Amino acid sequence: MKSNPKKNKTSLKKYWWVALLLAAAVAAPFFISEFYLTIFGEALIMSLLALSFNLLFGYMGQLSFGQAAFYGISGYTVAMLITKAHFNFWLSLGAGVVVAAALGLIIGFFCVRLRGIYFSILTLAFAQLIYFVIYKWHDFTGGDDGIQGVYPPDFLNSSIHYYFFILIVFILATFILWRIVNSPFGYTLKSMRENSERTEFLGISIAKYQLTAFVIAAAYAGLAGALWAPFYRSMAPSALFWLKSAEPVNAAILGGPSLFFGPIFGMFIMTFFHAWVLAYTVFWAFIMGILILIVIFLLPGGMLGFVQEKIKERRENRNPTTGIN
Amino acid sequence: MFLTTQSLTKEFGKLRAVNEVSLEIRQGDIHAIIGPNGAGKSTFFNLITGYHPVTSGKTVFKGKEITHLPAYHRCQLGLTRSFQITSIYPKLTVYESVLMGLLSHRRATFNFFGSARSYYKKEVWGILEDVGLADQADRAGDSLSHGDKKRLELGITLGTEPEVLLLDEPTCGMSPDETESTMTFVKKLVEDRGLTILFTEHDMSVVFGIAKRISVLHQGTLIADGTPDKVRSNEEVRKVYLGESK
Numbered sequence: 001m002k003s004n005p006k007k008n009k010t011s012l013k014k015y016w017w018v019a020l021l022l023a024a025a026v027a028a029p030f031f032i033s034e035f036y037l038t039i040f041g042e043a044l045i046m047s048l049l050a051l052s053f054n055l056l057f058g059y060m061g062q063l064s065f066g067q068a069a070f071y072g073i074s075g076y077t078v079a080m081l082i083t084k085a086h087f088n089f090w091l092s093l094g095a096g097v098v099v100a101a102a103l104g105l106i107i108g109f110f111c112v113r114l115r116g117i118y119f120s121i122l123t124l125a126f127a128q129l130i131y132f133v134i135y136k137w138h139d140f141t142g143g144d145d146g147i148q149g150v151y152p153p154d155f156l157n158s159s160i161h162y163y164f165f166i167l168i169v170f171i172l173a174t175f176i177l178w179r180i181v182n183s184p185f186g187y188t189l190k191s192m193r194e195n196s197e198r199t200e201f202l203g204i205s206i207a208k209y210q211l212t213a214f215v216i217a218a219a220y221a222g223l224a225g226a227l228w229a230p231f232y233r234s235m236a237p238s239a240l241f242w243l244k245s246a247e248p249v250n251a252a253i254l255g256g257p258s259l260f261f262g263p264i265f266g267m268f269i270m271t272f273f274h275a276w277v278l279a280y281t282v283f284w285a286f287i288m289g290i291l292i293l294i295v296i297f298l299l300p301g302g303m304l305g306f307v308q309e310k311i312k313e314r315r316e317n318r319n320p321t322t323g324i325n
Numbered sequence: 001m002f003l004t005t006q007s008l009t010k011e012f013g014k015l016r017a018v019n020e021v022s023l024e025i026r027q028g029d030i031h032a033i034i035g036p037n038g039a040g041k042s043t044f045f046n047l048i049t050g051y052h053p054v055t056s057g058k059t060v061f062k063g064k065e066i067t068h069l070p071a072y073h074r075c076q077l078g079l080t081r082s083f084q085i086t087s088i089y090p091k092l093t094v095y096e097s098v099l100m101g102l103l104s105h106r107r108a109t110f111n112f113f114g115s116a117r118s119y120y121k122k123e124v125w126g127i128l129e130d131v132g133l134a135d136q137a138d139r140a141g142d143s144l145s146h147g148d149k150k151r152l153e154l155g156i157t158l159g160t161e162p163e164v165l166l167l168d169e170p171t172c173g174m175s176p177d178e179t180e181s182t183m184t185f186v187k188k189l190v191e192d193r194g195l196t197i198l199f200t201e202h203d204m205s206v207v208f209g210i211a212k213r214i215s216v217l218h219q220g221t222l223i224a225d226g227t228p229d230k231v232r233s234n235e236e237v238r239k240v241y242l243g244e245s246k
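Here the protein sequences line up with chains U and A, keeping their order.
Numbered according to this note's numbering, the first sequence terminates at residue 325, and the numbering increases by one at each position without gaps.
Numbered according to this note's numbering, the second sequence terminates at residue 246, and the numbering increases by one at each position without gaps.
No lab work stands behind these hints, which were simulated from the structure alone.
There may be inaccurate statements among the hints.
Stated by the list, open to error - Here are the simulated distance ranges between beta carbons:
{"#": "1", "chain 1": "A", "residue 1": "Trp125", "chain 2": "U", "residue 2": "Lys84", "range": "42 to 50 Å"}
{"#": "2", "chain 1": "A", "residue 1": "Ser205", "chain 2": "U", "residue 2": "Trp178", "range": "46 to 54 Å"}
{"#": "3", "chain 1": "U", "residue 1": "Phe30", "chain 2": "A", "residue 2": "Lys122", "range": "45 to 53 Å"}
{"#": "4", "chain 1": "A", "residue 1": "Leu15", "chain 2": "U", "residue 2": "Ala246", "range": "30 to 38 Å"}
{"#": "5", "chain 1": "A", "residue 1": "Trp125", "chain 2": "U", "residue 2": "Ala19", "range": "26 to 34 Å"}
{"#": "6", "chain 1": "A", "residue 1": "Ser56", "chain 2": "U", "residue 2": "Gly289", "range": "53 to 61 Å"}
Please read these numbers as outputs of a predicted model, since none were measured by experiment.
Beta carbons are placed, not taken as given, at the ideal position from N, Cα and C, and that holds for glycine.
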């Protein structure tokens with residue numbers, strides 16, 4: 001209790017770099033080429049998918065290998081509503097998120113009963129099931145042709161405008177999720193990750209909380225998909241393929257799943273690295289694999305986790321009396 | 001009638017681990033369940049707390065049958081347990097762990113936006129003072145010493161503001177000093193917070209020093225039940241259990 005006022009001050013000080021990054025993100029369109037601005041926008045959208053995955057993995061302790069299903073189903077909902085039903089843009093985005101959350105409720109109902117690898121496999125199985133439905137149902141979804149011509153309203157048509165639209169949604173959504181993981185609900189998720197038996201014997205119904213988190217994560221993946229369709233102007237079934245589900249997994253491992261910002265960092269590294277390596281070689285996956293190997297063996301807490309550890313060490317060396325407390 | 005079991009039975013295959021045990025635990029008592037290893041103490045415990053499903057019989061708490069309620073529901077009613085193998089949160093801090101019990105009990109866990117750290121500060125610090133861990137509040141659970149981990153688990157369970165605290169071998173693995181201070185602490189809890197304590201134990205000096213009532217299990221069957229004096233003088237108990245250690 002005694003350290004309270006001090007703590008508030010340091011927490012403001014602690015997040016100066018968030019303000020710095022935000023300023024950089026706002027200034028970016030005026031300094032970087034349109035190509036890299038598109039990559040930046042992609043990284044922001046995919047970061048939402050990474051956050052969705054990490055709510056389940058980093059906070060709740062369950063590895064979902066099917067987040068692409070929610071991402072893709074939302075993207076398809078938006079794409080079909082806009083191109084086929086000529087539906088209002090904003091309502092379409094909302095519908096995408098709602099459909100993803102509803103799908104999360106159904107799939108989650110079965111998955112949260114399982115733990116560990118069984119949970120992962122079942123999410124993967126459901127996601128592949130939905131992928132095949134979309135892939136095979138040519139008359140309705142366009143099959144492997146996908147859906148083209150998904151345009152945002154005129155004032156969002158320029159890439160700078162759409163970039164700022166993504167940025168605003170990203171900031172809001174990230175802030176909300178940050179509040180959630182630090183809320184009593186977020187603490188309950190963390191406690192289940194640490195020792196679900198203990199939590200159950202404190203009077204918590206594990207399945208109920210895991211299902212709630214699963215639906216929230218599905219909605220976030222859905223938000224990413226909803227932003228993606230008008231950004232890329234099209235949807236293809238590969239958005240639901242299991243390789244897509246692997247992207248947030250890789251991002252979390254690269255950046256560090258134990259940190260809130262770890263997966264975002266990882267996704268930015270991956271997205272920019274991807275764009276950069278593709279200019280030189282098509283064997284991008286090979287290079288990415290090596291990068292992941294390096295991180296797993298040398299930086300097991302992820303890149304951002306490594307940075308945080310170093311900062312902590314330096315602080316403790318400078319001020320050894322406050323080492324433990 | 002506070003907490004009673006009626007012919008509670010548990011079979012694992014052909015083994016009858018708990019055999020028609022009928023027991024009454026009175027409010028405000030410190031009630032010990034003793035018996036040699038394999039007597040069924042822990043299994044009996046697991047039946048009351050909902051860890052194992054029962055084979056037959058009934059458990060009634062404050063007039064409500066709880067025999068088949070899920071574990072978390074029993075906890076919400078006021079029955080909280082500790083585990084024989086200390087069950088804590090390895091990576092959460094001591095403070096966060098105790099907070100978890102309070103959040104759970106006060107049904108705050110479905111709050112999505114408030115900052116968890118701003119909840120129940122006074123209560124958490126009160127419990128931390130009580131269990132003697134206030135100066136280690138920011139340490140991770142798994143960095144504590146063995147005895148402190150046990151205290152932490154006790155702190156977590158206190159957060160749920162239980163009416164009945166079920167402690168499975170609370171002093172298991174503790175040094176004699178730690179054992180004594182823990183049991184003194186448990187006694188104080190009963191007095192301060194008006195708790196009822198049901199605990200299993202194999203250290204007889206602990207049991208006779210603190211328990212108001214003692215029940216003796218032998219091969220899953222209840223062979224004696226009553227005050228320490230009555231149990232001590234029971235012929236059968238002396239034969240199967242105390243006889244060897246005295």
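If I claimed the Cβ atoms of A/Trp125 and U/Ala19 lie 26 to 34 Å apart, would that claim hold in this structure?
holds (33 Å)
Given the hint of 45 to 53 Å, is the C-beta distance from U/Phe30 to A/Lys122 inside that range or not?
holds (51 Å)
Q | Range hint compliance [Cβ, A/Ser56 to U/Gly289, 53 to 61 Å] | A | Distance hint for A/Ser56, U/Gly289 holds at roughly 57 Å.
* To do: With respect to the beta-carbon atoms only, verify the hint that A/Ser205 and U/Trp178 lie 46 to 54 Å apart.
  => holds (52 Å)
Requested in this report: Using the Cβ atoms, figure out if A/Leu15 sits within 30 to 38 Å of U/Ala246.
Outcome: violated (47 Å)
With respect to the beta-carbon atoms only, verify the hint that A/Trp125 and U/Lys84 lie 42 to 50 Å apart.
violated (60 Å)
Hint violations for this structure: numbers 1, 4, all remaining hints satisfied.
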